[in-house]
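Line by line, the protein sequences give chains A and B.
In terms of the UniProt record's numbering, the numbers along the first sequence are unbroken and rise by one, the last being 522.
In terms of the UniProt record's numbering, the numbers along the second sequence are unbroken and rise by one, the last being 522.
Just so you know, the hints here were simulated from the structure itself, not pulled from any lab data.
Glycine included, each C-beta is placed from N, C-alpha and C at the ideal position.
Incorrect hints may have been included.
[Unchecked claim] Under 8 Å between C-beta atoms, here's a sample of chain A residues computed to sit facing chain B:
1) Ser332
2) Arg377
3) Arg380
4) Asp390
5) Asp452
[As the list claims (entries may be wrong)] Listed next, the in silico PhoX-like pairs over lysine-lysine satisfying Cα-Cα at most 25 Å (straight line):
6) Lys393(B) with Lys118(A)
7) Lys392(B) with Lys118(A)
8) Lys179(B) with Lys214(B)
Protein chains: 2
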Amino acid sequence: MTSTYIVFVGTFVHLPRSTSNALAIQQGALWVSTADGRIKGTDWTVVTEGDLRALLKEKSWIPEDAPRYKSGTRVKIVQAREEQNEFFFPGFIDTHIHAPQYPNNGLFGSTTLLDWLKEYTFPMEASFGSSLANIPSPRAYRVYNQVVSRTLANGTTFASYFATIHVSATNLLAALCKKRGQRALIGRVCMDNPNFSEPYYIDPSAKESIELNKEVISYIQSIDPQGTLIKPIITPRFALTCTPKAMQGLADLAAAYEPPLHIQTHISENTLEIDDVRSQFPAAKSYADVYDTYGLLTPRTILAHGVHLSPDEQDLIHHRGAKISHCPASNSALGSGICPVRKLLDKGITVGLGTDVSGGYSPSILEAVRQACLVSRLLRHVGTANETDDGKKLVLSVEEALYLATRGGAAVVNMEDDIGGFDVGMLWDAQLIHLGRFLPACKYDNGNSQVDVFGWETWQEKVHKWVWSGDDRNVKSVWVGGNLVYGKDDGDDGRRSGWWSWVLSAGVVGVGAVVAFRRMRL
Amino acid sequence: MTSTYIVFVGTFVHLPRSTSNALAIQQGALWVSTADGRIKGTDWTVVTEGDLRALLKEKSWIPEDAPRYKSGTRVKIVQAREEQNEFFFPGFIDTHIHAPQYPNNGLFGSTTLLDWLKEYTFPMEASFGSSLANIPSPRAYRVYNQVVSRTLANGTTFASYFATIHVSATNLLAALCKKRGQRALIGRVCMDNPNFSEPYYIDPSAKESIELNKEVISYIQSIDPQGTLIKPIITPRFALTCTPKAMQGLADLAAAYEPPLHIQTHISENTLEIDDVRSQFPAAKSYADVYDTYGLLTPRTILAHGVHLSPDEQDLIHHRGAKISHCPASNSALGSGICPVRKLLDKGITVGLGTDVSGGYSPSILEAVRQACLVSRLLRHVGTANETDDGKKLVLSVEEALYLATRGGAAVVNMEDDIGGFDVGMLWDAQLIHLGRFLPACKYDNGNSQVDVFGWETWQEKVHKWVWSGDDRNVKSVWVGGNLVYGKDDGDDGRRSGWWSWVLSAGVVGVGAVVAFRRMRL
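Make a model of the complete structure from these sequences and hints.
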């Protein structure tokens, strides 16, 4: 029977909306409507199994597996087991990821941005094309399925994807996100400027680039008319690969919809790139000014990187309400530099995290959290900063980095009222984290995660251990809009108890009886 | 029957001794004597199963599971399976790790070195003491067992451990390394200076510190008289925690043995620490000069960190032949800075990698390899460097970082002729890395590693993917001195073939017959 609610029970960890530097750690019950996937209520006094029974009774709820003759509103119960150090955490939001580059994860050698694009990235992206109209290359099926599955397995419930210039492959990515249940923005990449693009991988013209974009937008809006799960995003690659005509046309295209479409691009990642932008747009005051000139800086624009923005550019971005996707793993891997996140936040700019696969080498936002913490601790040694109070101020705490990965990302994609936390009314985009009990590392088993909880840790310490040592092995289940999209939803893992377990027990006894009977017949 | 040799067959990847910037990728067979654990020979023409049979025949070798009546030298065969993207790689060498700090992995908040020591580290280390003479605290058993097992599971075949000030717990760590088969240097930490140490965690006097060290040395030499697997190492914590009398006494103690004992300490990790050393030793020319004054800079000395060494200090360290343990994860986590490894190498200084658990948050040297690559790519943004050829020169390639993790570490612990590579005559300290075939990421399975090999990659690319996405899940087996110390040694994983498989098949048929017979009786 279908449940009306899912009741989640156990420890809930999230970042309060009001402050980015503390964990909210709450224990009890929280329920989600299966109709709209939103959190309908909480009861933080549920501690014991008796408390849970009392809550069910008070609400006239019965477990979904109760006998058919029982009357009441059916609910499914999912528990985070305290003794297994399990907790619910908001799903991660990846505000910048290139889906077709996924097979290149870890392949960048000692290159930096501009040679990396030509040596590794453009050839890979070009291979997603196909000589058959409307049929993506075989590689697209394999890679896009893997990247959606892998990011879900790493707890990413929302991703803002760059695809390639190919319409059919981009549409496939959109369809796969919808099928697998991942919330996503899907962008067909636009690049029509032969000055930087390669002849084998380029839009034929600005006009055609915009027309091809319209095809993708209309496909996405046809398979998800309300944009419940997936939406199109206008995606000029970056200033060097786009003509002014294309940039202006794309900005106009985004503005032609109501509400206007999201826009994503790159900005100020690498100092050589910045020099080239200066040469290519001599009239512009700055890199940010190029985008502003062509109408691309909007409150629905995601700018990836922003490593070397001048104070004036930061002000401009803030005034336009555009957002920044901080991609620390990528910025270190390609030697781009360290984004001064604290300064952006102090300016009032909204910041989220991105994996930037495959400039970044990992599909995991947890890795982005770690790298955001690490590079912020090195900022004091960069440029004019030194180890003073000022250096300390640049440091992002673990809590702040987790805020960027959830609430921050939600605000970057203009969904701060819907996702990123466990406030009543929000969508249940969440992950169940399993740290497990302490087990002696065994000679023949490497299936356990690297998180060792010895037993004396506080919940805050457990969360810190997860951040620094955790990986996909700790992601037990993932939900998007109340739907289970990864893992198992029986939080009990066979440890069923309470009065509804008799149904299961009766079944086991029944099977036992049949087996016994058959043996007797033999 | 005991085998005389183990024959390893498949792909072998290591760093050639002569150059640090290229992978040696060789395919064929390599054999190790079980008597002394050393590589006795190689045959790089073995490609097919027929080639392997021919080699066995030529050498008069027979598989260890051949029938008893067969005569010949028995050998065990271990295969790295090509179709599973498996390869042999030298064991990792962790040149700096604090075993008792392991439970604090991931717990450091936003502290830097000096407050981190007082807030997290000293309380944890102090808890390894016991009021019962010669009986370590219960925590010591649990933690030391875990850290040895975890590091082995991550492919660390050699570790240079800092323990605590407690003799019995330090002896336990030594005994556990020997028992689990990990090659190790074991150091009882010396800290007798009340200026910086805490009253609850300090040696009573320089004299007693040295006496207690002698106890540990004699214990270790009693359980491994030849130092085949474990050896003592003299371990003054660092300049601020040691009196001049203790430092000089410890240097004398090291020198009193033949060969002299190894020495390990910390140097120039954090700028505030350096300021304090300057105040505490006003007569010294530099931090390095403090150690040199008291005789601690020797060719068998491991200096952890060396982040902010002046050119004069680098020269001094080079002239004394002391080595540097580069601990990038720790240096980022505690905001210490970035060690300019290239400059140290250019001076001729020997450099290896250290996890520095728990300043570093991970027991994995593979993570240290990643972090060494990442921070070297940020060096161009630190201080006076900028993105010029000079900035590029500071970058460590993946190959160079792997060199530091193997050959470099071996040289740091003065075992460059014995471990760190696959040269004939060297000890078989090695790991079998399993990347696996491409599998679509599945909704209900997170046991697979994060390394996705799509099938078109070169061996070099596979190694890079392992470096950037690999973890303990990719470590299938680990050997030290030819002994299997982690995982399974049947490289075949049930895929037995060739003429010796008939023994196994016959066994299966036999069991099948017995089962069939019993069923008939029923």
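Status of the hints after comparison with the structure:
1. At about 4 Å, the closest approach between the beta carbon of Ser332(A) and any beta carbon in chain B falls short of 8 Å, and the interface hint on this residue holds.
2. Because the smallest distance between the Cβ of Arg377(A) and any Cβ of chain B comes to about 4 Å, under 8 Å, the interface hint for this residue holds.
3. For the restraint placing Arg380(A) at the interface with chain B, the shortest Cβ-Cβ distance is roughly 6 Å, inside the 8 Å limit, so the hint holds.
4. This hint is violated: Asp390(A) has a C-beta 13 Å from the nearest C-beta of chain B, more than the 8 Å allowed.
5. The closest approach between the C-beta of Asp452(A) and any C-beta of chain B is roughly 6 Å, which is under the 8 Å cut-off, so the hint is satisfied.
6. Proximity of Lys393(B) to Lys118(A) is assessed by CA-CA distance (about 21 Å); at most 25 Å being required, the pair is judged to hold.
7. Distance restraint check for Lys392(B) and Lys118(A): the Cα-Cα separation of roughly 18 Å lies within the 25 Å cut-off, and the hinted pair is therefore satisfied.
8. The suggested pairing of Lys179(B) with Lys214(B) holds, with an alpha-carbon distance near 22 Å, which does not exceed 25 Å.
The structure fails hint 4 only (numbered hints given earlier).
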